[in-house]
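First to last, the sequence lines map onto chains U and L.
Position 48 (the first sequence) corresponds to 48 in my numbering; numbering is contiguous.
Position 207 (the second sequence) corresponds to 207 in my numbering; numbering is contiguous.
Everything labelled a hint here was simulated from the structure, so no lab data went into it.
Don't be surprised by glycine CBs; every beta carbon is placed ideally from N, CA and C.
Be aware that a few hints might be false.
Unchecked claim - In the DSSO-like style, the derived pairs of lysine-lysine whose C-alpha atoms are separated by at most 30 Å in a straight line are:
#	chain 1	residue 1	chain 2	residue 2
1	U	Lys90	L	Lys392
2	U	Lys140	L	Lys58
3	U	Lys10	L	Lys165
4	U	Lys78	L	Lys422
5	L	Lys392	U	Lys120
6	L	Lys165	U	Lys90
7	L	Lys410	U	Lys90
8	U	Lys110	L	Lys410
9	U	Lys120	L	Lys58
10	L	Lys410	U	Lys78
11	L	Lys198	U	Lys110
12	U	Lys2	L	Lys24
13	L	Lys384	U	Lys2
What the hints assert, rightly or not - Residues of chain U placed beyond 12 Å of chain L at every Cβ, according to the derived structure:
#	residue
14	Cys14
15	Ser16
16	Ala34
17	Val50
18	His61
19	Asn87
20	Met96
21	Pro102
22	Cys119
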Amino acid sequence: MKKVYCNVTKCLGCRSCEIACAVEHSKGKTLFTAISETPLPVHRRKVQAVEEIIISDACHHCEDAPCITACMSGSMFKAEDGSTQHNEDKCVGCWMCVMVCPFGAISRRKNLAIKCDLCKDRTEGPVCVVSCPTKSLTVK
Amino acid sequence: MEYVIVGSSAAGVSAVEAIRSVDKSGKITVISDENYSIYSRCVLSYYLAGMMTEEKLKYRGEDFFKKHNVDSIVGKKVEAVLPGKKIKLSDGKTLSFDKLLIATGSRSKMENIPGVEKDGVFGLRNINDARKIEERLGKTKTAVMLGGGLIGLRAAYALHKRGLKVIVVVKSKHILSQMLDEEGAGFIQRRIENKGIKVITGLSAKEITGDKEVSGIILENEEKIDCQIVVIGKGVQANIELVKDAGIKTEWGIIVNESLQTNVTDVFAAGDVAQTKDLVTGESTINALWPNAVIQGKIAGLNMAGKNIKYDGSLGMNSVEFFELPTISYGITKPKGEGYEILVKKNDAQEIYKKIVLKNNKIVGFVLVNDVDNAGVYGSLIRKKIDVSSIKEELLNNNFNFAKILPLVKKYKEEFAEKEYKELVM
Ligand SMILES: Cc1cc2nc3c(=O)[nH]c(=O)nc-3n(C[C@H](O)[C@H](O)[C@H](O)COP(=O)(O)OP(=O)(O)OC[C@H]3O[C@@H](n4cnc5c(N)ncnc54)[C@H](O)[C@@H]3O)c2cc1C
Ligand code: SF4
Ligand code: SF4
Numbered sequence: 001m002k003k004v005y006c007n008v009t010k011c012l013g014c015r016s017c018e019i020a021c022a023v024e025h026s027k028g029k030t031l032f033t034a035i036s037e038t039p040l041p042v043h044r045r046k047v048q049a050v051e052e053i054i055i056s057d058a059c060h061h062c063e064d065a066p067c068i069t070a071c072m073s074g075s076m077f078k079a080e081d082g083s084t085q086h087n088e089d090k091c092v093g094c095w096m097c098v099m100v101c102p103f104g105a106i107s108r109r110k111n112l113a114i115k116c117d118l119c120k121d122r123t124e125g126p127v128c129v130v131s132c133p134t135k136s137l138t139v140k
Numbered sequence: 001m002e003y004v005i006v007g008s009s010a011a012g013v014s015a016v017e018a019i020r021s022v023d024k025s026g027k028i029t030v031i032s033d034e035n036y037s038i039y040s041r042c043v044l045s046y047y048l049a050g051m052m053t054e055e056k057l058k059y060r061g062e063d064f065f066k067k068h069n070v071d072s073i074v075g076k077k078v079e080a081v082l083p084g085k086k087i088k089l090s091d092g093k094t095l096s097f098d099k100l101l102i103a104t105g106s107r108s109k110m111e112n113i114p115g116v117e118k119d120g121v122f123g124l125r126n127i128n129d130a131r132k133i134e135e136r137l138g139k140t141k142t143a144v145m146l147g148g149g150l151i152g153l154r155a156a157y158a159l160h161k162r163g164l165k166v167i168v169v170v171k172s173k174h175i176l177s178q179m180l181d182e183e184g185a186g187f188i189q190r191r192i193e194n195k196g197i198k199v200i201t202g203l204s205a206k207e208i209t210g211d212k213e214v215s216g217i218i219l220e221n222e223e224k225i226d227c228q229i230v231v232i233g234k235g236v237q238a239n240i241e242l243v244k245d246a247g248i249k250t251e252w253g254i255i256v257n258e259s260l261q262t263n264v265t266d267v268f269a270a271g272d273v274a275q276t277k278d279l280v281t282g283e284s285t286i287n288a289l290w291p292n293a294v295i296q297g298k299i300a301g302l303n304m305a306g307k308n309i310k311y312d313g314s315l316g317m318n319s320v321e322f323f324e325l326p327t328i329s330y331g332i333t334k335p336k337g338e339g340y341e342i343l344v345k346k347n348d349a350q351e352i353y354k355k356i357v358l359k360n361n362k363i364v365g366f367v368l369v370n371d372v373d374n375a376g377v378y379g380s381l382i383r384k385k386i387d388v389s390s391i392k393e394e395l396l397n398n399n400f401n402f403a404k405i406l407p408l409v410k411k412y413k414e415e416f417a418e419k420e421y422k423e424l425v426m
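All chains, please: the whole structure from these sequences, using the hints.
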């Protein structure tokens with residue numbers, strides 16, 4: 001399965017990926033329209049830092065995914081390609097998934113868990129990868 | 001190979017998936033005394049609140065049994081496990097097995113108070129309970145919850161959403177006394193009281209009044225409350241009766257070893273009915289929770305199918321959100337005894353409370369109110385028993401996140417053994 005990897009030695013923490021991610025997951029799919037949508041689109045990638053290390057991190061699509069085990073509504077699931085996907089329609093916002101995700105990769109919006117879906121609806125692949133000016137993110 | 005699984009919920013379903021991941025052809029029979037397809041009882045309160053349809057209770061597709069080539073028997077109870085690898089069903093028939101999984105879960109503990117048998121007194125455990133409560137809403141103005149645990153409060157929240165006046169009666173000093181300390185619970189209690197749910201603490205009901213139907217309760221201090229629904233949320237009790245005469249060891253639940261096998265060979269138990277080791281305290285106990293049931297079902301299933309996988313223990317943890325105030329607790333939240341170190345951060349104005357409990361520089365538990373996003377990161381440090389002395393000062397910082405534990409991931413390679421950690425480019 002293809003996933004997005006961040007090269008920690010290259011990432012400068014510019015947050016371009018966060019913006020591109022939020023825009024891609026907005027209704028209008030442009031920055032201009034995204035900022036005035038309600039609810040505001042949420043980015044699934046998070047730029048995080050410790051001392052000199054900066055990482056742009058998101059769902060790792062764990063092989064043995066704790067969020068799926070814990071999800072009591074059956075909305076987290078493994079897709080055919082092995083990625084961890086989320087059926088937002090069934091989610092009740094219980095945050096059992098947040099409780100167990102070892103990467104803190106799940107965001108919350110009123111009654112809805114939100115996480116990286118690898119831009120499954122974008123034929124060219126994850127938008128964060130192309131948005132990164134330092135080429136820290138790769139999909140492979 | 002003939003597998004028989006009793007109970008078709010979190011543990012049973014997960015066992016089916018596990019068995020089929022290694023054994024495509026063995027015969028699997030799943031028996032449930034409920035007359036409804038696979039559904040999640042955890043979301044019943046959301047259904048009761050009117051937030052979801054009955055259809056969405058189903059957490060696996062209608063075709064689950066067909067897809068996994070399972071013989072499903074519904075609406076029949078397994079009455080006993082018999083000698084000679086057989087079980088007896090409520091219709092008198094017997095069924096043989098090579099490997100048996102008992103995944104019978106638990107039921108609501110109904111209190112022994114006068115009046116508990118009246119119409120309008122419910123537990124909230126299965127879909128029928130939810131439907132019956134729902135049917136009664138039309139003639140109900142006030143509902144009383146006896147018990148301030150997770151299920152009592154979820155039911156209270158649901159019925160409040162449906163426009164009823166709701167009163168929660170708790171014997172303990174504070175609500176959610178199982179999962180939270182007093183301080184953390186206080187935030188939730190204030191929030192739900194502000195929104196109109198009344199909480200009475202330190203008292204229990206001594207009688208449920210009414211003729212055939214409930215008309216009220218009388219508290220220990222003689223105070224009377226009129227109500228038309230009483231929901232009892234006093235915890236659960238494991239469904240172990242079927243093994244009573246089978247020579248299988250029980251205490252609160254069915255006692256299992258690291259392989260989730262009982263003291264009788266080829267008989268396994270998983271989920272709310274199984275008594276296992278607590279991963280944090282090391283004590284033999286039942287942490288009757290969905291994720292524990294799913295993982296146990298999976299490991300039991302794999303072992304039944306010939307694998308040899310060890311279970312590292314169950315976790316006491318939970319997550320709730322009422323009126324947009326999320327709270328997560330995990331592990332030991334109210335330490336008793338020596339040697340614990342407690343870190344606390346509190347902001348009353350923002351309703352944020354974070355407490356981390358450490359022992360020998362390892363996190364053994366936490367409570368997070370209104371700032372829960374990194375719960376799983378702390379959780380991984382608990383599970384893996386990582387020494388966090390190097391990042392102790394950062395643990396409660398507002399900007400704590402996964403990156404902060406990267407130095408530890410680098411240092412403790414053996415503990416962070418999962419593929420996902422190995423893939424990090426650092
Ligand atoms: C309202 C509610 C909210 C909850 N919320 C949460 C939550 O937020 N987080 C969490 O982690 N957990 C929660 N739980 C607990 C969670 O639902 C249980 O831990 C989980 O369902 C346990 O699964 P199980 O498969 O072990 O047993 P169960 O789900 O209890 O299923 C056992 C099945 O076996 C059947 N059965 C029993 N005896 C027999 C027999 N002799 N013959 C045939 N069939 C039999 C039962 O009818 C039942 O269908 C909640 C529970 C309820 C009721
Ligand atoms: S959300 Fe978290 S637990 Fe689930 S697959 Fe992604 S990284 Fe793993
Ligand atoms: S918040 Fe949604 S996705 Fe997460 S565990 Fe609950 S129902 Fe599943």
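Each hint tested on the structure:
1. At roughly 38 Å between alpha-carbon atoms, U:Lys90 and L:Lys392 are farther apart than 30 Å, so this suggested pair is violated.
2. With a C-alpha separation of about 35 Å, the suggested pairing of U:Lys140 with L:Lys58 is violated against the 30 Å cut-off.
3. Using a Cα cut-off of 30 Å, the hinted pair U:Lys10 and L:Lys165 is violated, with the two alpha carbons roughly 58 Å apart.
4. Between U:Lys78 and L:Lys422 the alpha-carbon distance is near 21 Å, which keeps this suggested pair within the 30 Å criterion.
5. Our distance criterion of 30 Å between C-alpha atoms is broken by L:Lys392 and U:Lys120, whose separation comes to about 39 Å.
6. Between L:Lys165 and U:Lys90 the CA atoms are separated by roughly 28 Å; this keeps the pair inside 30 Å, and the hint holds.
7. Between L:Lys410 and U:Lys90, the direct Cα distance comes to roughly 37 Å. Violation of the 30 Å bound is thereby established for this hinted pair.
8. With a C-alpha separation of about 35 Å, the suggested pairing of U:Lys110 with L:Lys410 is violated against the 30 Å cut-off.
9. Taking the CA atoms of U:Lys120 and L:Lys58, the gap is about 25 Å. The hint holds against a cut of 30 Å.
10. Restraint check for L:Lys410 and U:Lys78: the C-alpha separation of about 28 Å stays at or below 30 Å, so the hint holds.
11. With a C-alpha separation of about 24 Å, the suggested pair L:Lys198 and U:Lys110 falls inside the 30 Å cut-off, and the hint holds.
12. Restraint check for U:Lys2 and L:Lys24: satisfied, since their Cα atoms lie roughly 28 Å apart, inside the 30 Å limit.
13. Restraint check for L:Lys384 and U:Lys2: the C-alpha separation of about 28 Å stays at or below 30 Å, so the hint holds.
14. Non-interface status of U:Cys14 relative to chain L is upheld: no Cβ of that chain comes within 12 Å, the nearest being about 15 Å off.
15. With a minimum CB-CB distance of about 18 Å to chain L, U:Ser16 clears the 12 Å threshold, and the non-interface call stands.
16. Against chain L, the non-interface label of U:Ala34 holds: every CB pair exceeds 12 Å, the least being about 22 Å.
17. Residue-level check failed: U:Val50 sits 5 Å from the nearest beta carbon of chain L, not beyond 12 Å.
18. Distance check for U:His61 against chain L: the nearest CB is about 8 Å away, which does not clear 12 Å, and the non-interface claim fails.
19. Residue-level check failed: U:Asn87 sits 10 Å from the nearest beta carbon of chain L, not beyond 12 Å.
20. A cut-off of 12 Å between C-beta atoms contradicts the statement that U:Met96 is not in contact with chain L; the least separation is 5 Å.
21. Separation of U:Pro102 from chain L is inadequate, the least Cβ-Cβ distance of about 4 Å not exceeding the 12 Å criterion.
22. No beta-carbon of chain L comes within 12 Å of the beta-carbon of U:Cys119; the shortest separation is about 19 Å.
The structure is inconsistent with the numbered hints 1, 2, 3, 5, 7, 8, 17, 18, 19, 20 and 21, although it conforms to all the rest.
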